[in-house]
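Chains as they are written, first to last, in full-length UniProt numbering: chain A, 1 to 245; chain B, 1 to 340.
Heads up, a few of these hints could be off.
Simulated pairs of lysine to aspartate or glutamate, DMTMM-like, Cα-Cα distance not exceeding 25 Å [to be verified]:
#: 1; chain 1: A; residue 1: K186; chain 2: A; residue 2: D214
#: 2; chain 1: A; residue 1: K168; chain 2: A; residue 2: D115
#: 3; chain 1: A; residue 1: K130; chain 2: A; residue 2: D80
#: 4; chain 1: A; residue 1: K130; chain 2: B; residue 2: D20
#: 5; chain 1: A; residue 1: K11; chain 2: B; residue 2: D20
#: 6; chain 1: A; residue 1: K11; chain 2: A; residue 2: E91
#: 7; chain 1: A; residue 1: K168; chain 2: B; residue 2: D20
#: 8; chain 1: A; residue 1: K11; chain 2: A; residue 2: D225
#: 9; chain 1: A; residue 1: K168; chain 2: A; residue 2: E13
Rough simulated footprint, nothing fancy, chain A against chain B, three-plus residues with beta-carbon under 8 Å [said to hold, decoys possible]:
#: 10; region: 161-175
#: 11; region: 268-279
If we take Cβ atoms under 8 Å as the criterion, some of the chain A residues that face chain B in the derived model are [to be verified]:
#: 12; residue: I73
#: 13; residue: L76
#: 14; residue: S97
#: 15; residue: P113
#: 16; residue: V114
#: 17; residue: K186
#: 18; residue: L205
It should be emphasised that the hints constitute simulated quantities derived from the structure, not laboratory data. No residue lacks a Cβ here, since even glycine has one placed at the ideal position from N, Cα and C.
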Amino acid sequence: MAETSAEPLLKLESVHTHIGPYHILHGLNCEVPAGELTMLLGRNGAGKTTTLRTIMGLWQASSGSIRFDGRNITTLPTPDIARSGIAYVPESMAIFSDLTVRENIVLAARSGPVDTARLDWMLGLFPALKRFWNLPAGNLSGGQKQMLAIARAIAEPRRLLLVDEPTKGLAPVMVRSMIEAFRALKAAGETILLVEQNFHAASQLGDNVIVMEDGLVVHSGTMSDLVADKVLQRRLLGLSLDAHQ
Amino acid sequence: MSDVAADAANPPLLPRSRTDWLPLILVPVLALAVLPLIGDVSSWVTLTIAGLAMGMMIFLMASGLTLVFGLMDIINFGHGVFISLGAYATLLVLGPLAGWASANSVALNLALLLLCIVVAMVLTGLVGAVFERVIVRPVYGNHLKQILVTMGGLIVTEQAIHAIWGASPIPIPLPETLRGAFVLGDIVMERYRVVAIGIGLLVFAAMQLLLNRTRIGLLIRAGVENPEMVEALGYRIRRLFVSVFVAGSALAGLGGVMWAFYRQTLTAGMGMEVMVLVFIVIIIGGLGSVGGCFVGSVLVALVANYVGFLAPKLALISNILVMALVLIWRPQGLFPVARR
């Protein structure tokens with residue numbers, strides 16, 4: 001893990017996850033420091049999405065431990081994990097298409113009406129949402145849906161954001177928009193664990209990086225170290241940053 | 001945010017609003033289209049009122065099932081038993097308050113109907129809670145087992161009704177002032193049917209308010225679409241499941257009371273008998289859609305009445321015909337819910 005003095009907010013130790021007959025995570029060990037953006041990289045099928053879903057309790061870990069802020073959340077049901085302060089943006093975005101943009105946000109603010117200042121901040125990050133506020137979310141474009149999914153995750157202060165491939169399938173201009181939004185979230189002090197296939201985008205955002213392969217962590221360190229080491233990039237990801245640009 | 005990003009985030013055109021008027025227009029268009037075929041306005045009004053009343057009763061019986069199906073993905077073949085139980089619950093009120101039914105007082109008669117509804121909803125809600133816990137919960141996620149187990153639950157509960165109230169049909173009296181008809185010129189409107197329309201509209205309005213104006217309604221709508229994400233937002237969907245199942249059972253109980261007074265005879269199998277209709281309207285409406293269930297119920301009932309009048313031999317297949325035509329037009333139903 002990165003050379004950092006920050007106490008890890010999230011810590012996974014020897015986590016194994018099975019989905020039906022398949023053994024996906026094979027004793028995963030990793031940490032997410034507070035206040036930093038940690039990128040989770042790896043090829044397709046490496047177990048990145050499974051890791052996020054296991055943290056959220058959507059798939060139960062078969063063994064190992066997941067500690068969040070010192071508390072063992074390994075066997076907690078998903079709603080309790082969310083209530084402990086973890087927000088999740090799945091790869092599918094999972095916005096509620098039949099609900100309006102406003103209703104999606106209202107629902108995400110569990111404790112009551114969304115704080116006005118927070119709402120202004122959120123809509124400053126994603127101004128498109130303001131324009132489509134009272135329209136069904138199903139009418140939004142792919143990029144706008146992604147914005148809504150992230151806005152929903154930050155509708156209330158959360159201690160950790162788990163975001164799964166937010167730039168997947170988006171036009172380059174929308175990817176840049178996303179990168180800026182995550183920069184703003186970082187600047188606001190959010191702790192983020194971000195799964196990303198786009199190494200170019202990842203390299204611009206990450207403080208730390210975890211690389212997975214076959215359900216195991218094969219590398220962890222600072223993003224700046226990985227960006228500087230082309231050989232390591234090729235070995236871990238199959239391509240160097242140059243190829244992504 | 002940069003200019004580029006801001007441009008990307010603010011496309012020049014708003015997406016088209018998705019308000020879908022076509023299925024809503026379908027019912028009045030159909031009703032007006034058959035007017036020349038029927039020829040006589042008074043017969044048309046009588047048939048239409050009767051169809052609307054029947055539609056409201058079907059809606060009351062089906063609305064709970066569509067929510068249960070949509071939210072919980074449960075195929076509850078036992079839903080009919082809550083209709084029967086609701087109907088039999090009227091006996092618990094009619095026994096001690098028989099005088100209210102025979103009294104020539106609108107207030108007493110309506111109070112009796114209201115009391116029957118309350119007792120039926122409480123009873124079916126309670127039985128629904130037990131049914132969910134004992135029969136449905138062990139088979140979440142397995143449709144085949146759900147069909148088998150809920151059918152089993154239906155048979156057991158029907159036999160329990162036989163054991164408690166006997167196997168013979170039981171006649172029940174329609175409250176005095178709800179008998180007969182309002183006559184306006186040549187137009188005849190049965191009083192009880194008008195009351196059924198009123199109660200159906202009231203329940204539909206209440207459900208729309210609940211689903212669209214309250215947080216619990218938002219949760220139900222979101223849960224119908226993506227229960228996993230609702231949990232990931234921190235809501236305990238299991239509790240919502242139980243609440244919706246209980247509410248769905250209570251609504252079936254309410255439908256059972258209305259159906260019982262309409263038929264004026266109770267049989268343990270009366271709920272099961274209408275289940276084909278109930279399944280047809282929730283499929284036509286779009287699984288999980290209360291609005292779709294409402295439009296589907298009215299559509300099916302009106303078509304049944306009009307066809308019964310115009311071509312009685314076709315009446316038996318009119319429901320299936322409506323379902324086939326709607327599904328050819330909209331395979332996901334009139335108001336498809338996003339996930340389904």
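Quick rundown of the hints versus the structure:
Distance restraint check for A:K186 and A:D214: the Cα-Cα separation of roughly 29 Å exceeds the 25 Å cut-off, and the hinted pair is therefore not satisfied. Between A:K168 and A:D115, the direct Cα distance comes to roughly 30 Å. Violation of the 25 Å bound is thereby established for this hinted pair. Restraint check: the Cα-Cα separation between A:K130 and A:D80 comes to about 30 Å, which exceeds 25 Å; the hinted pair is violated. Distance restraint check for A:K130 and B:D20: the Cα-Cα separation of roughly 23 Å lies within the 25 Å cut-off, and the hinted pair is therefore satisfied.
Taking the CA atoms of A:K11 and B:D20, the gap is near 48 Å; set against the 25 Å cutoff, the hint is violated. As the CA atoms of A:K11 and A:E91 are separated by approximately 22 Å, the hinted pair is consistent with the 25 Å bound. For the proposed pair A:K168 and B:D20, the alpha carbon gap of about 31 Å is over 25 Å, so the pair is violated. Between A:K11 and A:D225, the direct Cα distance comes to roughly 22 Å. Compliance with the 25 Å bound is thereby established for this hinted pair.
With a CA separation close to 29 Å, the supplied pair A:K168 and A:E13 exceeds the 25 Å bound. For the region 161-175 of chain B, the stated coverage by chain A is violated: 0 residues have a C-beta nearer than 8 Å to a C-beta of that chain, whereas at least 3 were required. With a cut-off of 8 Å between beta carbons, the region 268-279 of chain B has 0 residues touching chain A; three or more are needed, and the interface restraint is violated. About 13 Å separates the beta-carbon of A:I73 from the nearest beta-carbon of chain B, more than 8 Å, and the hint is not met.
Look at A:L76: its Cβ only gets to about 12 Å from chain B, farther than 8 Å, so that hint breaks. The interface hint given for A:S97 is met, as the beta carbon of that residue sits about 4 Å from the closest beta carbon of chain B, less than 8 Å. Interface restraint check for A:P113: the shortest CB-CB distance to chain B comes to about 11 Å, outside 8 Å, so the restraint is violated. For A:V114, the interface hint is violated, the least distance from its beta-carbon to any beta-carbon of chain B being 13 Å, above 8 Å.
Restraint check, A:K186 versus chain B: the minimum CB separation of about 14 Å is more than 8 Å; hint violated. For A:L205, the suggested interface contact is broken, since its CB lies about 14 Å from the closest CB of chain B, more than 8 Å.
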